[in-house]
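Visitor: Given next are the chains, with one letter for each unit.
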Amino acid sequence: MATADVDTAQTNGNGKYKVIGTRPIRHDGVDKVTGRALYGADVKLSGMLHAAMLRSPHAHANIKSIDTSKAEALPGVRAVVTNADLPEVGDRIAELGEGAVNLRHLSCNVLAGPKVLYKGHAIAAVAAENIHIAKEAVGLIDVEYELLPPVLDVREAMEDSAPILNDDVRTDTMGELGNTPTNIAAHFRYEKGDIEKGFAEAKVVVEREFDTATVHQGYIEPHNATALWNKDGHITVWTSTQGTFSVRQQVAELVNVPLSKVKVIPMEIGGGFGGKISVYLQPVAALLSKKSGQAVKLIMDRSAVFEATGPTPGSYIRVKMGVDAGGKITAAEAYLAYEAGGYPGSPINPGCMCIFACYDVPNGKIDGFDVCVNKPRTNAYRAPGATNAAFAAETVIDEICDELGICPVEFRLNNASKEGTRRVDGVEYPVIGMADTVEAIKSSAHWQSNLEGPNRGRGVASGFWFNCGLKSAATATVNADGSVSLIEGSTDIGGSRASLAMQLAETLGIAAEDVNPAVVDTDSVGYTDVTGGSRVTFATGIAAYEAGMDIRRQMIARAAEIWDVDADQVRYEDGTIIGPESSYTFKELAELVIKTGDPVTGRGASSAANQGGAFGTHCVDVEVDPDLGKVKILRYTIAQDCGTAIHPSYVEGQMQGGAVQGIGWALNEEYFYGDDGSMHNASYLDYRIPTCYDVPMIETIIVEVPDPEHPFGVRGVGEVPIVPPPAAIANAINNAIGVQMTELPMSPPRVVHEILKKNS
Amino acid sequence: MAKKRVVSTTINGNQTEFLCEPRQTLLEVLRDTLNLTGAKEGCSNGNCGACTVLVDGRPVDSCLVLAVEIEGADLETIEGVACSEALHPVQQCYLENAALQCGICTPGFIMSTKALLDENSSPSEDDIRFYLAGNLCRCTGYDKIVRAVQDSAELMASNGIDGVQIDR
Ligand code: FES
Ligand code: FES
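As given, the protein sequences belong to chains A and B, one line each in that order. Under my numbering, the first residue of the first sequence carries the number 1, and numbering increases by one thereafter. Under my numbering, the first residue of the second sequence carries the number 1, and numbering increases by one thereafter.
Any given hint could turn out to be false.
[What the hints assert, rightly or not] Quick list of in silico lysine-lysine cross-link-like pairs, DSSO-like style, CA-CA up to 30 angstroms: (1) A/LYS290 x A/LYS115; (2) B/LYS4 x A/LYS192; (3) B/LYS3 x A/LYS115; (4) B/LYS3 x A/LYS135; (5) B/LYS3 x A/LYS70; (6) B/LYS3 x A/LYS44; (7) A/LYS261 x A/LYS231; (8) A/LYS135 x B/LYS4.
Rather than coming from a laboratory, the hints here were simulated on the basis of the structure.
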């Protein structure tokens, strides 16, 4: 095939794009507003059975015995499984793209054995002719427990006298293993410069302690899985997940079949935010299908979603920061202990790396601990680990600003990380937009406005998230009518079909509407990592772009053949293929493609590119009711570096949605536990995520500092916006009533408590 | 198990009869028996609004209604909102405002929005936020949903409920 120079995508003039930056209707939109889109729970297969799960009523216990005989005898029951049906997977670590997992822990989390480590821990599952029989049968299973004392608080769990959850856990201190069982699974440490010298240079040093509660992603669609273990040994899984390939690998490992025997078909996904990566139901549905010989559907109820899927950790954090008379940070120190839940694996390491990431810290020291407690095994939640950390660091900064009489916005500008700044954990930044987001807030209508009235205050805070690259693949085929089908493997959690189709359209110089994006199963597209890490528009975007460039090369070659000229005499410009004497529009040539030779299919992939990281700065006005402690959000503005916004509406939507989750985290969300380790608010009514009556419009300022690693400059947007809200709101509360909150959530009782403390 | 009952009702304008057990909720029957899976189950206890349908024009959480209770009622579900030619203005405005991300809450929101606008054709922002507070959305932060409702009210004031053809 003749090749031509198509190294850079043709765009419509000086850095301006034709498709990127516009707001087309998303491709899957009509299906989603008409109720036609099929989510995980909507799967229906012939002869399908329905399954229900028995869950532990205790937070910590040994399972002495499980008797399923009465359940099995109930008419209509077709299969029952327990941990004994899961093959022994051993102590292996599986790399799952966005993090590693100990397979034995994963297996025991899916079906408990020999211990239950939190209330709601799955114990056994029943498949029956209908869901009512399955639920009835679950009630007939007898489990004998030996109760053990639960430990629910991270600091208590770290004590030598604490009950030990996992006797195979040893503290991993930067690669070195301890030799006694413990709840402290890992200790991370990062150091930079000379911390003593740094604090000695400071004019003001502030040290504070913080506690944050366990919170849940709260996606509206519960977990689900439908599986068919076919007679030929092939397993098909229909599920809503953030990563089909990750589910394929986890299922294959846990039920011990080769990867090639598992096909995962992605259903539409009703939210995930990091919580739909780990498997819960998929291997269980597969085992039930194997036993019963029929397809089995398993859906969680809402209380199980709260009690038994991965929330994000509660934490204890200590931050000490020193600042000199000129307002420059001289030293910063942090101690973070995160609750991992029943099994190791909290996002403590990213928490450590994020805590001072917004600022140039010359001397720093960070210690982080991953600690098992009798709560559900934690999982990723939007910028996992960063929000807890930012709450601590960003409120200490405001206290220092108060003491020094410095404007918090000026402080942030003065200390902002920039290209070349080295983080405490050693990473040196490429081009980043931290300062730009602070500048954007500084010049915003919101910051420029006056806030008047009693008990009202304004706060700002910044936040950082890495965003990742990882691997993606895509193919694109040219249709005879000039449209292009884009085939990709990134499950679309919030509009990524549109953002990917737009990048392909831009590359080809065609309209976004002329690209038909399809998210397909694991047998139909190349390996693609999870929809997470704010990576899809970035990395799958690169794959779509590369597929487009591949099509351009083939279209040039085809035109050259038709015109009988050298390929280097043909160029591709803005959707037109131009030869020495004539030209084709993309559509004209597309029509000729099939008639003149091979069909044109482009392929693209991404693995090497990594993102430079993204920053956001938020500004919030609140009003505090001094009698009730209720905090009302009056106005909220976000400025965030989005690199290049592909579809601005969905970029804004990510910022708004992330901020409102952060507002919920700040003001009322928490897992409320009794001493026995049972969660007392495992329903939406009692857990209470924000409703539309709780929040105002969320103003957004898209800052664009293009990421040079991406052909169009994309930076991930999804995660950063959840990071600053609790800190910004705490700073606003302090500004309003002179009370420094150090606990999350800042719920009415806690705010009133602090007010009373201050007044007495 | 109690005997199954026959229930007669009108669903999206069509006379419909179905068999159900007395313990089955309307949501279960819609989804599992009648194959109308547009109503979603987020909580099954009336907290999330994903299962909202209109019963005699009133928005209800179909997970809280027993199927036998809708005998003789006039039921409207998300599947009946668009006409065969075009989307309803509310659907159109949700799309144009990017008022959905994952979309699981969207059918419920659209049903509640329709009911709101039937009751009050020019609601204030506060009216909208109050009326929709029984529908949870975890993705959007509600900003674009509220704007979609405001646009729907405007569009319906000028166009009535005539749908808008869309290019997809
Ligand atoms: S499923 Fe009916 S209100 Fe949530
Ligand atoms: S769009 Fe996902 S819950 Fe509303």
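Visitor: Quick one: which hint numbers does this structure break? Sort them smallest to largest.
Guide: Hint check: 2, 3 fail, others pass.
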